[in-house]
Amino acid sequence: MTALADRRRRRTLTMLLFTVLVMGAIPVLGYVGVRAVLDSTGGKDAQAGVLPVQEFPDTPAALFVTSVPVNSDVGFTDSSRQSLQGVYAAGGLEATALQVESLLLVTINHSAEADLQQAAGFLLAYEPFTVDLATEVSNGSTGEADSIAAGTVVLDAANAAKVLTYGAGIGEETIRKANLEALWVGVAAAVGTGQPVASAVPGTAQPPVSFDDFVNRLFSSSVQSRGLSTVALTAAQNPDELDIVQLDRSEAVFVFASIAPGSMSAPGLGPIIRVEAPSGYDLQVKLTLDKLLFLAANVVSVDTSSAPQPDTIFFVPDEANRIRAQTTDVIFGEIVFGEPTVRVSGVDVTIVLGIDYLESVET
Numbered sequence: 001m002t003a004l005a006d007r008r009r010r011r012t013l014t015m016l017l018f019t020v021l022v023m024g025a026i027p028v029l030g031y032v033g034v035r036a037v038l039d040s041t042g043g044k045d046a047q048a049g050v051l052p053v054q055e056f057p058d059t060p061a062a063l064f065v066t067s068v069p070v071n072s073d074v075g076f077t078d079s080s081r082q083s084l085q086g087v088y089a090a091g092g093l094e095a096t097a098l099q100v101e102s103l104l105l106v107t108i109n110h111s112a113e114a115d116l117q118q119a120a121g122f123l124l125a126y127e128p129f130t131v132d133l134a135t136e137v138s139n140g141s142t143g144e145a146d147s148i149a150a151g152t153v154v155l156d157a158a159n160a161a162k163v164l165t166y167g168a169g170i171g172e173e174t175i176r177k178a179n180l181e182a183l184w185v186g187v188a189a190a191v192g193t194g195q196p197v198a199s200a201v202p203g204t205a206q207p208p209v210s211f212d213d214f215v216n217r218l219f220s221s222s223v224q225s226r227g228l229s230t231v232a233l234t235a236a237q238n239p240d241e242l243d244i245v246q247l248d249r250s251e252a253v254f255v256f257a258s259i260a261p262g263s264m265s266a267p268g269l270g271p272i273i274r275v276e277a278p279s280g281y282d283l284q285v286k287l288t289l290d291k292l293l294f295l296a297a298n299v300v301s302v303d304t305s306s307a308p309q310p311d312t313i314f315f316v317p318d319e320a321n322r323i324r325a326q327t328t329d330v331i332f333g334e335i336v337f338g339e340p341t342v343r344v345s346g347v348d349v350t351i352v353l354g355i356d357y358l359e360s361v362e363t
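Taking this note's numbering, the leading residue of the sequence shown gets 1, the next gets one more, and so forth.
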């Protein structure tokens, strides 16, 4: 690990892990910004050094919950398939946190695990929760009264925790996914505009000092929630018929590079890239990220609120990275460079996608 990568590891995302038996749900609780990633190789260029540096915004508020499927594959080859829940069973929380970092290309500062009772205690302050369950949740074998029916239900903290943990580790993760995502939507709605917390000091941008501090900040303001898409593996890709799916990597990068750019890691050999595009082209941007990741580029920031323009323009503060940016001409054709007025901290190349290119992306 390089010194830069080591410093980045100490930065931004926090994870909450609920476990029963092998593993329950892994919602990654992300907070926006925190601190900008460090300057990359572009910072060595004398001419680039005269540009003002634009940092990613700092904020003490945690605003996003993402549920990560625990049957996501982290082996990446047909002969070495392994899910996150398999990693947890073999190596516990620390090993799982490292694999989540690798899978999502984000860094993690705090992690915690909770059993059924601890999960209920965590949720107690925010009950009740209105949740649209996709499938029935059985509480045990003592009869119908112990089950939670599918459909719209109102849950207390104890039953919400049962939704989180029901079926964990017994080969039903794909079935559980919709219920887990629905529960977090219900939790976000229950939090509403947030509950004031004494430890969340207004006007400060200090990162959380502990997992409990992070949770307090998370629910001190309104929260959004979403899941991540997965793709089923074919029989040839998964010959042992394990309960494993492939996470949509470009979607994960799109999500976290949009909400927490300061947390993104850059393991690829290519340049570190920020992508800007006008609203209304999310699918085209996601497909573009697919291509950039294939070229070993590192996408650490995505902004889909830029002003529309016809042409795609590259802003690169230094000559060395202009040469590296040329490798993307297989995606964009002839590269058109603009003159940057700022350096985005930690970014080698800013690509502003034009309408002409976006309209040409096959969807």
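Quick caveat, the hints were computed from the structure, so don't treat them as lab data.
Do not take every clue at face value.
With a Cα cut of at most 25 Å, we get these calculated SDA-like pairs of lysine to any residue [as the list claims (entries may be wrong)]: (1) Lys291 to Arg81; (2) Lys286 to Ala307; (3) Lys291 to Gly280; (4) Lys291 to Tyr126; (5) Lys286 to Leu242; (6) Lys286 to Tyr126; (7) Lys286 to Asp240; (8) Lys291 to Ser102; (9) Lys286 to Gly192; (10) Lys286 to Leu358; (11) Lys291 to Ser265.
What you are looking at is a predicted structure, and each value in this text was computed from that prediction instead of being measured.
Verification of the supplied hints:
1. At most 25 Å may separate the alpha-carbon atoms for a hinted pair to count; Lys291 and Arg81 meet this at roughly 24 Å.
2. Among the hinted pairs, Lys286 with Ala307 is consistent with the structure: their alpha-carbon atoms are about 18 Å apart, no more than 25 Å.
3. Between Lys291 and Gly280 the alpha-carbon distance is near 19 Å, which keeps this suggested pair within the 25 Å criterion.
4. Note on Lys291 and Tyr126: the hinted pairing is violated, with a Cα-Cα distance of about 41 Å set against a maximum of 25 Å.
5. Note on Lys286 and Leu242: the hinted pairing is violated, with a Cα-Cα distance of about 28 Å set against a maximum of 25 Å.
6. Simply put, Lys286 and Tyr126 have alpha-carbon atoms about 34 Å apart, too far for the 25 Å limit, and the pair is violated.
7. Straight-line distance between C-alpha atoms of Lys286 and Asp240 comes to about 31 Å, which puts the hinted pair past the 25 Å bound.
8. Note on Lys291 and Ser102: the hinted pairing holds, with a Cα-Cα distance of about 19 Å set against a maximum of 25 Å.
9. Straight-line distance between C-alpha atoms of Lys286 and Gly192 comes to about 30 Å, which puts the hinted pair past the 25 Å bound.
10. A distance of roughly 11 Å separates the Cα atoms of Lys286 and Leu358; the hinted pair therefore holds under the 25 Å criterion.
11. Simply put, Lys291 and Ser265 have alpha-carbon atoms about 18 Å apart, close enough for the 25 Å limit, and the pair holds.
Consistency with the previously given hints fails for numbers 4, 5, 6, 7 and 9, ordered from lowest to highest.
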